[in-house]
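Okay, here's what each chain looks like letter by letter:
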Amino acid sequence: MIDDLERAIEAMLFASDEALDARQIAGRLGDEMTPGQVKAIIETIAARHAGSGIELVERGGRWHFQTPADLAHLLRRERDDPRKLSRAAAEVLAIIAYHEPVSRAEIEAIRGVQTSKGTLDVLMEAEWIAPAGRREVPGRPLIYKTTDAFLQHFGLTSRKDLPGIEDLRAAGLLDPVDLAFEEAMGELDLVKDGEEA
Amino acid sequence: MIDDLERAIEAMLFASDEALDARQIAGRLGDEMTPGQVKAIIETIAARHAGSGIELVERGGRWHFQTPADLAHLLRRERDDPRKLSRAAAEVLAIIAYHEPVSRAEIEAIRGVQTSKGTLDVLMEAEWIAPAGRREVPGRPLIYKTTDAFLQHFGLTSRKDLPGIEDLRAAGLLDPVDLAFEEAMGELDLVKDGEEA
Amino acid sequence: MEELPLDFEIVPAAPEREDALQLSLDSWEGPLDLLLALARGQKVDLKQISILALVEQYLTFIAEARELKLEVAADYLVMAAWLAYLKSALLLPKDPLEDPSPDELALRLQLRLQRLAAMRDAAARLLARDRIGRDVFIRPRPEGLRDVRVRRWDASLYDLLSAYGQVKLRSEPVVHMVSRRPVITLDAALHHLQRMLGVKIDWAELSDFLPGDYDGPLRRSAIASSFVAALELARQGRVDLKQDGAFEPLYLKAAQA
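For the record, the sequence lines run as chains A, B and C. So the first sequence is numbered by our numbering: it starts at 1 and just counts up by one. So the second sequence is numbered by our numbering: it starts at 1 and just counts up by one. So the third sequence is numbered by our numbering: it starts at 1 and just counts up by one.
Simulated from the structure, these hints should not be mistaken for lab results. Please read these numbers as outputs of a predicted model, since none were measured by experiment. Careful: at least some of the hints might be erroneous.
[As the list claims (entries may be wrong)] With beta-carbon atoms standing in for the labels, derived distance ranges:
1) Gly61/B x Gly36/A: 41 to 51 Å
2) Lys117/B x Arg23/A: 19 to 29 Å
3) Gly61/A x Gly60/B: 32 to 42 Å
4) Leu91/C x Gly172/A: 43 to 53 Å
5) Val113/B x Gly61/A: 15 to 25 Å
[To be verified] Calculated pairs, DSSO-like style, for lysine-lysine (alpha carbon to alpha carbon, straight line, at most 27 Å):
6) Lys145/B x Lys94/C
7) Lys168/C x Lys160/B
8) Lys94/C x Lys117/B
9) Lys84/B x Lys168/C
10) Lys145/B x Lys117/B
11) Lys168/C x Lys200/C
Every residue, glycine too, gets a C-beta built ideally from N, C-alpha and C.
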């Protein structure tokens, strides 16, 4: 017998047209539930569905039901045509996701080419990126970050889930060229110092 | 462990934008399944979800997932949106209360200004007035009266509780002091009426 | 790095043979992208890449593209010029005073290529994830959670009654009522004058006969009433009046029987 609270939360997650976080669910239940208590119940529900044809997944602190990826061949149809991304858009999206928040100039520094306005528009229209304020440097450029919808679409629990992000960070490949250059020169200087000594 | 066929059918039912029958499912699976075999599996899935926050239901030989009816209140939450009755609507309501049953033309004659349909609609939405048949004069206009909900809201036992003209005068409610002001407000109400219409 | 499936156009391989040049420069996202494609053609880790060899490849590629009369955008030519400078600097005997040194410029170029390559791979891995609508599916038409706002109209009995009061006021014909002011009536003046005439024997001014001792409007009312009373008594033959001229004081005394 599934308890009433668990049924209620399951129904909400199932009926909702957007992923829900624990706070939204607690608010709607109207009881004296803390988000922490709601989360525990969500995890019970997720465990109950594990291995079935419907899975409850967490994306950026929000939960939604979806089908397992291994059944894609049965469910994919002609009409299912996810937004085809241009190579430029895919690269810009990756740069924003791995460096966020990031300005257009910083994106261009990495790509070595101007970013057309249309590229950012496509990503904003898909609601995968959003402005995140302005960088406090001369000109106060807009900076961008990815959204919860981005995490949902690409099946990421959080930004830590971005493929290879830890390796890239450890290798310094997310640092700006200037910083990496200073470090590389510093190492060379150290070697030189050692030689001189 | 849920078997692969069961998972596949569950996912199909979940991801489909319409209810599916056993034949459609068998067709999509592409295996040598008879609709009868599919049906047996569907019933296993339905039984697994029974009593949870998600139900698999049959309607005319087609199956779809839905949330149980007893949880509808959680999915559709009603919220009060209090609104102050406009001056024009208060006048119309008072005229109906003092002169009922009364037609729109009669209300206008008493008010001395045109009354928009929207004003009567608001009073009907509030359930303070209701149609009370038709006046047996040319055109057979609808006539209106106040309701029990009206008496309840204004704390009146009956319409006889409404103070008479002399009481109103004694209470200063017929004081001309505010006349100019009220006239100005009346004009504003007229403008609003116009907008509503 | 591991090759990952891409769902966008595959990066063209480095042009090792003549036919590779059939590709238009439109295939690259700028000169850095072209350099990266050429660098990958060296089939070594970007850290070990020979910048000099890469520069050679780029310059050759651009030269051949121009021979084939392909449109070469300005930024590719700017890069070519800069690489030609870098090449000569790398080949010439090192000048220790030159800042930045050609080695430093080469290092910067290498760092930039590494970063672009990292993001290119990241994009490919991102796009290869289980994406909603392609690999995983959500409910196409969920019922949705709804907040229905129910309008609740509010008004007090006072609002209702004052509204009615104003309707009445607006619809009733406006009546001008003059308020009752205190006056000395003709009857009172007549009575007082008759009483006084019995006391006063000789001619006396009208003002001596006024009832009471009033000021202001009431005194004026008393004068007017007493004047009319005097005229009335004169008409009845009970009082004699005399006046020396217009606007002169009016005198009266009881008529001789």
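Outcome of the hint check:
Taking the beta carbon of each, glycine 61/B and glycine 36/A are about 45 Å apart, inside 41 to 51 Å as hinted. Hint check: lysine 117/B to arginine 23/A, Cβ distance near 43 Å, so the stated range 19 to 29 Å is violated. Distance hint check for glycine 61/A and glycine 60/B: the Cβ-Cβ separation is about 40 Å, which falls inside the suggested range of 32 to 42 Å. Checking the proposed 43 to 53 Å range against leucine 91/C and glycine 172/A shows it is violated: the Cβ atoms sit about 30 Å from each other.
At about 56 Å, the CB distance of valine 113/B to glycine 61/A disagrees with the hint of 15 to 25 Å. Taking the CA atoms of lysine 145/B and lysine 94/C, the gap is near 103 Å; set against the 27 Å cutoff, the hint is violated. Restraint check for lysine 168/C and lysine 160/B: the C-alpha separation of about 18 Å stays at or below 27 Å, so the hint holds. Taken as a hint, the lysine 94/C and lysine 117/B pair is broken in the structure, with Cα atoms around 92 Å apart against an allowance of 27 Å.
For the given pair, lysine 84/B sits about 22 Å from lysine 168/C by alpha-carbon distance, which is consistent with the 27 Å threshold. Among the hinted pairs, lysine 145/B with lysine 117/B is consistent with the structure: their alpha-carbon atoms are about 16 Å apart, no more than 27 Å. For the given pair, lysine 168/C sits about 59 Å from lysine 200/C by alpha-carbon distance, which is inconsistent with the 27 Å threshold.
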